[in-house]
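**Q** One-letter residues, chain by chain:
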Amino acid sequence: QKEVEQNSGPLSVPEGAIASLNCTYSDRGSQSFFWYRQYSGKSPELIMSIYSNGDKEDGRFTAQLNKASQYVSLLIRDSQPSDSATYLCAVNEGNTPLVFGKGTRLSVIA
Amino acid sequence: GAGVSQSPSNKVTEKGKDVELRCDPISGHTALYWYRQSLGQGLEFLIYFQGNSAPDKSGLPSDRFSAERTGGSVSTLTIQRTQQEDSAVYLCASSWRAGAAQETQYFGPGTRLLVL
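Sequence lines, in order, name chains F and B.
Numbering-wise, the first sequence is residues 1157 to 1266 according to the working numbering.
Numbering-wise, the second sequence is residues 81 to 196 according to the working numbering.
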């Protein structure tokens, strides 16, 4: 059973701090990794994708991938209350559709 | 349209009735997915279609659930004899191709189903 694991949270951080969200996956053959943000009552929206080891930065967001450790993370710098949402990790584990984690709920406290 | 669209946005039905939910994927996307999300829960995969191939139905929770995709585009998810536990948000997503490298799924706004 291919699995994507996330801490369900809630993860609470003060406004302006760095929020660190983590995700592990089971299939070493995984090729593509995605972070989706889901606000309460809304559908998931893609915020980051990463395909190779290392860091990828986009504005206040940085995705980090370590294939050897089967670990992908999302850092949110200068966290804002508007970042409060559930963050879903998704992994392309080869010739199958994306596998989603259950999400981590982030709360940014003003 | 530019994104995935779903209809209706909300549906209230009585236990035992059948419902149909519609999804219109992004133009050119060959893969289409249905998920269910109960309140406060993660995404539960239901079924996906890749082009004209037979769909992967491995996530359907019971034989009351079925889905069709006509002409490789619009899809309809049908729930027969609805039960109260079917109440959830039903999300549709599409991508260029299921399982392709760097595949990205884009979600529609969802249909909120309430079974009384």
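It should be emphasised that the hints constitute simulated quantities derived from the structure, not laboratory data.
None of these values were measured; they are calculated from a predicted model.
Where a beta carbon is used, it is the ideal one built from N, C-alpha and C, also for glycine.
The reader is advised that the hints may include incorrect statements.
[To be verified] If you anchor each label on the Cβ, the simulated ranges turn out as follows:
| # | chain 1 | residue 1 | chain 2 | residue 2 | range |
| --- | --- | --- | --- | --- | --- |
| 1 | F | Asp1183 | B | Glu94 | 17 to 27 Å |
| 2 | F | Ala1173 | B | Thr158 | 44 to 54 Å |
| 3 | F | Ser1176 | B | Gln182 | 21 to 31 Å |
| 4 | B | Ser118 | F | Leu1167 | 13 to 23 Å |
| 5 | B | Gly131 | F | Ile1265 | 44 to 54 Å |
| 6 | B | Gln164 | F | Tyr1195 | 24 to 34 Å |
| 7 | F | Gly1210 | B | Ser146 | 36 to 46 Å |
[Said to hold, decoys possible] Part of the chain F face toward chain B, derived, beta carbon under 7 Å:
| # | residue |
| --- | --- |
| 8 | Ser1196 |
| 9 | Ser1199 |
| 10 | Tyr1207 |
| 11 | Gly1259 |
| 12 | Arg1261 |
**Q** Now tell me if each hint is right for this structure.
**A** Consistency of the hints with the structure:
| no. | hint | result |
| --- | --- | --- |
| 1 | F:Asp1183 - B:Glu94: 17 to 27 Å | violated (43 Å) |
| 2 | F:Ala1173 - B:Thr158: 44 to 54 Å | holds (47 Å) |
| 3 | F:Ser1176 - B:Gln182: 21 to 31 Å | holds (25 Å) |
| 4 | B:Ser118 - F:Leu1167: 13 to 23 Å | holds (22 Å) |
| 5 | B:Gly131 - F:Ile1265: 44 to 54 Å | holds (47 Å) |
| 6 | B:Gln164 - F:Tyr1195: 24 to 34 Å | holds (26 Å) |
| 7 | F:Gly1210 - B:Ser146: 36 to 46 Å | holds (44 Å) |
| 8 | Ser1196 | violated (9 Å) |
| 9 | Ser1199 | holds (4 Å) |
| 10 | Tyr1207 | holds (6 Å) |
| 11 | Gly1259 | holds (5 Å) |
| 12 | Arg1261 | violated (9 Å) |
Hint check: violations occur at hints 1, 8, 12; the rest are consistent with the structure.
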